[in-house]
Amino acid sequence: MYPSSQSVNYDRAATMFSPDGRLYQVEYASKIVAQGTMGVACKYSDGIIFGADKKISSKLLIPESIEKMFIIDEHILAISAGLVGDARRLVGIARQKAQENKVYYDEAVQIETLVKEVSNLKQVFTQYGGMRPFGISFIIGGIDKTGKRLFETEPSGALAEYHAIAIGKNRNKAMELFEKEWKENLSKSATVKLMVKALEKGLDEKEKLELKRLQFTYIDSAQKFRPISQEELKGMLSNNK
Amino acid sequence: MYPSSQSVNYDRAATMFSPDGRLYQVEYASKIVAQGTMGVACKYSDGIIFGADKKISSKLLIPESIEKMFIIDEHILAISAGLVGDARRLVGIARQKAQENKVYYDEAVQIETLVKEVSNLKQVFTQYGGMRPFGISFIIGGIDKTGKRLFETEPSGALAEYHAIAIGKNRNKAMELFEKEWKENLSKSATVKLMVKALEKGLDEKEKLELKRLQFTYIDSAQKFRPISQEELKGMLSNNK
Amino acid sequence: MYPSSQSVNYDRAATMFSPDGRLYQVEYASKIVAQGTMGVACKYSDGIIFGADKKISSKLLIPESIEKMFIIDEHILAISAGLVGDARRLVGIARQKAQENKVYYDEAVQIETLVKEVSNLKQVFTQYGGMRPFGISFIIGGIDKTGKRLFETEPSGALAEYHAIAIGKNRNKAMELFEKEWKENLSKSATVKLMVKALEKGLDEKEKLELKRLQFTYIDSAQKFRPISQEELKGMLSNNK
Amino acid sequence: MYPSSQSVNYDRAATMFSPDGRLYQVEYASKIVAQGTMGVACKYSDGIIFGADKKISSKLLIPESIEKMFIIDEHILAISAGLVGDARRLVGIARQKAQENKVYYDEAVQIETLVKEVSNLKQVFTQYGGMRPFGISFIIGGIDKTGKRLFETEPSGALAEYHAIAIGKNRNKAMELFEKEWKENLSKSATVKLMVKALEKGLDEKEKLELKRLQFTYIDSAQKFRPISQEELKGMLSNNK
Amino acid sequence: MYPSSQSVNYDRAATMFSPDGRLYQVEYASKIVAQGTMGVACKYSDGIIFGADKKISSKLLIPESIEKMFIIDEHILAISAGLVGDARRLVGIARQKAQENKVYYDEAVQIETLVKEVSNLKQVFTQYGGMRPFGISFIIGGIDKTGKRLFETEPSGALAEYHAIAIGKNRNKAMELFEKEWKENLSKSATVKLMVKALEKGLDEKEKLELKRLQFTYIDSAQKFRPISQEELKGMLSNNK
Amino acid sequence: MYPSSQSVNYDRAATMFSPDGRLYQVEYASKIVAQGTMGVACKYSDGIIFGADKKISSKLLIPESIEKMFIIDEHILAISAGLVGDARRLVGIARQKAQENKVYYDEAVQIETLVKEVSNLKQVFTQYGGMRPFGISFIIGGIDKTGKRLFETEPSGALAEYHAIAIGKNRNKAMELFEKEWKENLSKSATVKLMVKALEKGLDEKEKLELKRLQFTYIDSAQKFRPISQEELKGMLSNNK
Amino acid sequence: MYPSSQSVNYDRAATMFSPDGRLYQVEYASKIVAQGTMGVACKYSDGIIFGADKKISSKLLIPESIEKMFIIDEHILAISAGLVGDARRLVGIARQKAQENKVYYDEAVQIETLVKEVSNLKQVFTQYGGMRPFGISFIIGGIDKTGKRLFETEPSGALAEYHAIAIGKNRNKAMELFEKEWKENLSKSATVKLMVKALEKGLDEKEKLELKRLQFTYIDSAQKFRPISQEELKGMLSNNK
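Residue numbers (numbering that gives the first Met the number 0), protein chains in the order written: chain Z, 0 to 240; chain H, 0 to 240; chain E, 0 to 240; chain B, 0 to 240; chain A, 0 to 240; chain U, 0 to 240; chain V, 0 to 240.
Next comes chain Z alone, as it looks inside the complex (with noise of 0.2 Å):
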């Protein structure tokens, strides 16, 4: 009769409803997703801006190989949260759907278009036997002949297009951030000192940010992926404009 009692009859397999319509497996990998360090993204002045907190759980371990920000294709990038394993193979199909599209229409494929594929894809893990749901969200970002484009998509496949948004640890934190804050047109230096702020909600009470494990890219007119170095981050953060 409790929840909790009730929830332990349905919650084995993705293929079955509970009683009050609820598919739990879908819920426990969004469980996994929110346990995930988090990843943020904004629309500027001129472009979108991407950041992500890589924990480095070891100084031996080479920052670049940790999978939080993915290059889709020139003009798409992904940040994930979750289960990297599962991030890596939606991520590689992804890239082989944009250059699927390059070769068979011979132009890059609309940014909308491929976060519905990929949502699609999690969909489908959601409604048959012998498989689980991917334990992953992805923000998806970039720049196409549409503008400026930034999603989210879930679990469960559902997608929504945003100006600001966070995904992982705390997520509801950062978008409480971004509502106040977040305005149209703000400059680089003043998003990426938000996203700072918004990147310091996903961490635990004690923890402290540390600027290297940041990692922030942005797009701008020039339709192509740049990354922000330390230097120019320091130099951002220090800028009172």
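Reference listing, derived: stretches of chain V covered by chain U, where coverage requires no fewer than 3 residues with Cβ under 8 Å from a Cβ of chain U:
hint: 1; stretch: 24 to 33
hint: 2; stretch: 53 to 60
hint: 3; stretch: 75 to 84
hint: 4; stretch: 87 to 96
hint: 5; stretch: 121 to 132
No more than 25 Å apart at the CA atoms, straight line, and that leaves these computed lysine to any residue pairs for SDA-like:
hint: 6; chain 1: U; residue 1: K182; chain 2: V; residue 2: L60
hint: 7; chain 1: B; residue 1: K115; chain 2: A; residue 2: L120
hint: 8; chain 1: V; residue 1: K179; chain 2: Z; residue 2: L208
hint: 9; chain 1: Z; residue 1: K53; chain 2: Z; residue 2: M68
Listed below are several chain Z residues computed to face chain V (Cβ distance under 7 Å; list not exhaustive):
hint: 10; residue: Q24
hint: 11; residue: Y27
hint: 12; residue: A28
hint: 13; residue: K30
hint: 14; residue: I31
hint: 15; residue: K58
hint: 16; residue: L59
hint: 17; residue: I61
hint: 18; residue: S64
hint: 19; residue: G84
hint: 20; residue: R88
hint: 21; residue: G129
hint: 22; residue: M130
hint: 23; residue: R131
Source of the hints: derived by calculation from the structure; they are not laboratory data. None of these values were measured; they are calculated from a predicted model. C-beta atoms are modelled at their ideal positions from N, C-alpha and C, and glycine is treated no differently.
Mind docking chains H, E, B, A, U and V on chain Z? Use the hints.
Quick look at chains H, E, B, A, U and V alone, frame taken from chain Z:
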């Protein structure tokens, strides 16, 4: 002996009847539909008007990206309530069927034909193991050479044609309203007013309807869908005719 | 030891016999049939008359869209009771079989042949795992070169031919009526009157039969189905001949 | 420790032996056979006579449509007891085999060959998962170039040849009667009398045999099946020879 | 902790080992073998004699139709104990292999080769899910260019070659008898006498052996199987040589 | 909480890890291996000697038919311990691989290559559902162009190369003996003596080793297997050199 | 309610999330990895050194046959910890990929590419039913045109690149040591000394490290793997430079 304990044994597979001849998984799928935001559609003097409540969970979210109303073909539109990932998948299949009809028979697919194809697919997902039913209801409507057509399809694969129909949360309250107040050949603005009233029934007790959450589209003898802008909407609602 | 507890062990798969040699899933499928609105058919002097109760849940619902009577071929008609999605699927298959018969043998399919094909398919769904039985009974009837034919097929795949038959809710009460009052070579209006009386048996205790819920169609030596309009129906019922 | 509780563990899959080496699902399938109306067949001086009790549940039912006796080929006939849907499916396969034999070898299939094909198919359904055994026993008999042949096949795939055989309800009582009274080279009418006596053993205690429920067919050296009409039947029963 | 309760967990799938490394389903299959009527075979001076007890449950049953001894090829014979449907299926496969050998290699298949093919097939049915082991043991024997060969194959796929062998009910008692009394180069009638004594061991305590239940066949250097008639049998048993 | 009760949950599928990272089904398969009669093999000055205990359950049994030592190829021999049906199947596959190597590469397969192929196949049967692990260990050895090679493969697919190895019942006792007494370049008869001593370790406490139960074969630089006859064996054991 | 009892429900299928978003089967697979003997690898001034502890269970075992270090390609080496059968299978696939790269692109495969292919395969085995995750972690490293590369891949499909890495038993203790003492551009012998110290951390409390259990291999700018012999090893360890 009690309904709740008896159900424990039969509700875990779409492919199993309970002793009283019910398919619990299909009924549970209908629960998720009954939790979706409301969608409505009404015939009026010159065509059909479609309306939907797009609950916007964040002001950073771009309302257009909320998948609630889907153009299937030039003359066919669907509104969904339930799992948006499931909706997108069925819409994708429906669009392909419409496309194939044009290619093979050189004419637009009839609305009834398309509704039956979607419903048949839903039925299949209630009869075989290893998959769950689709957690989605659709209003599917438009105008074809047989005139104005307006259908509802349920997760079980059941379908019916209506003059005015509502799906999603508090569907029954909206249907009662329509049964009392809908009449054939109402004017466009009178119909829109009635539909807004219906959409208000879909809100939680303390919620207040905001016009900007609503999306309206209509089709008339020109056989193309045209959105009703927020301005037009306000005009119609203040219009006393 | 009690029947009800014993059944707990064997009723969860169509592909399993209970210790007393029963297939519970098939029996449960028959329960949903026994909850459907009634359908009836009777031979009369010149052909066969088909009648069905189409419960209209809303006055906004277009009665023609309620799928209860299905034309399978020019000379074959089916009435269903049970899951309408299941009915539509089997009707689709039956229509295809009828079509193929015309193409391959250049003549209309015999009614008995078609009934057996539908019944065989139903049987298959009671013998293999990973699928449930069809939750549907049909009256299938018409006139072919062997004369008037009128069959019932059940979820188990069992079939039988009748002079007068009822399916759905309170089937047995209607059959008792037919056994008492049906005679060969009754006139059309006398037969319709009897059938309306039978359909009244299918109602709940406090329900009252409304003529507009009823749909009647007949076939005679002209070997085409013709609907009986509400006016004709009223005429027949007030006719004392 | 008690048989009934021990069985609980092993009787849910045809593909599983119980600790004492039994296949419960096959035994349960035999239970449905033992509940079917009786069928009998006896060799007599000039051929074989087949008889069956066709319980008519309604006087509106057309007795010919009750599927109990099936002509497989010009010279082979089967009587079934058990699930009629299962019977029809196996008969369909048997007819096809008979047909193929004619096409490939240009001669009628031998009865023993056909009986073994049917039995082999039944065996397969007792060894693999995902399907249930056939709930049907057949008497299969006729005359071919090897003479009069009369077989019984059971749900397990076991078969045996008899001079006189009964299947269905109270089979053992009928067999005891045959063992006492059947003799080689009885006359046709003496044999029919014996068979009617046997069929009476298949009734419930208070039930009374009605001639019109019975169907008799025989085959003699002419190697064609000929029905025995109700008149002939009455004549034989009143005949004292 | 008790054997009987421990077994409850591991004996429901052929494809699962118990904690002590046993395959319970295979052991249970051997139980049905141990309940079958006895079959025996002994080498003698000039060849091999095969004998079987064909329990006749009814005097109306035609003994030849009881499937206990199977000619596989001109020079190979099998006796089965266990599920007769399973036996027939394996015999069918064995005959086909023998046939193929003749076609492909233009010579008769060797007995050992054939026995191994049958045993390999049995092994496969103990290792995969979705099927049960074959509930059958065979004596397979005959004479080929390597001389007299006499094998036993069990449900597990194990096989061994013997000078004298018994299968079925009370196998061990018969084997003890053979171990005491069988000698190489016994005469045919001395061997038959010994075999009848062995077959008596296969009876229930109060049962009495009837000669007519027994079937004997032998093969000698002529390399053809010849039945021993009831007359010859009686002659041999009364013969004191 | 106790090991024995904890195991109850994880030991029923080869494809499942227990919480402590074990594969119980594989461990149980090793139990059947540890119950098999012993097999041993030792390198000696000029080659490798193989020995096996062939428990003869009946004096009517022909010892050569006990499948314990298998020639895989002219230069490769295997001794099995465990389920003989499983052994025969893997040996069949190994022989085919050896054959294919000759056909494709025109040279004899290397022993290590063959051992790895067998081991890989065993591994596959521990990772997928719907099958059980092979209940068999092999000693596989011989001489190829890389010299004397002697391997053990276990049900898990693990393999290792040895100078002297034992498998089956009381393997560890035999290995301790070898570790103490085996030396490189022992003479053939000294090695055989040691191996007989090892085989004695495989007996039950009260059992006594009979020479006729033992089978010995060796391979030397001539690269062919030659059996050691019972006479040679006796000579070696009485030889004090 | 307690973690341990809660886990009981979700840890039996790789394809199922627990309510807190964990994949227990993957975690259990990591347990077997954590029980394997240690493997280590460190970058040094001129290349990478690989070291492994090969626990020798018997002095009759030939150490080279213990599969712990695998050459994948001329320039790529893997060390495994976990189930050796699983390791061999993945190594086989990796070698084939490396081979195909040469054939298709006419150049050696990049190390990162290969590591990702292996990791992707591991991920697949965590998402589908009917298979278990691979119970294996690898260190994969070498030198390609991008320089020195050194990766770890886990059963989940997660991967990361390191300067120095340890896998297997007591991995964390070894990593702590490396984090304290590893520096870029250490000399070969200093690095080997550090690695031996790390390998000692992988021993049980009372175990003592024996040099002969260790296997060391290195790769430098010559881009070939060269073993470090026991003599070289001793020299390096006594070397104080």
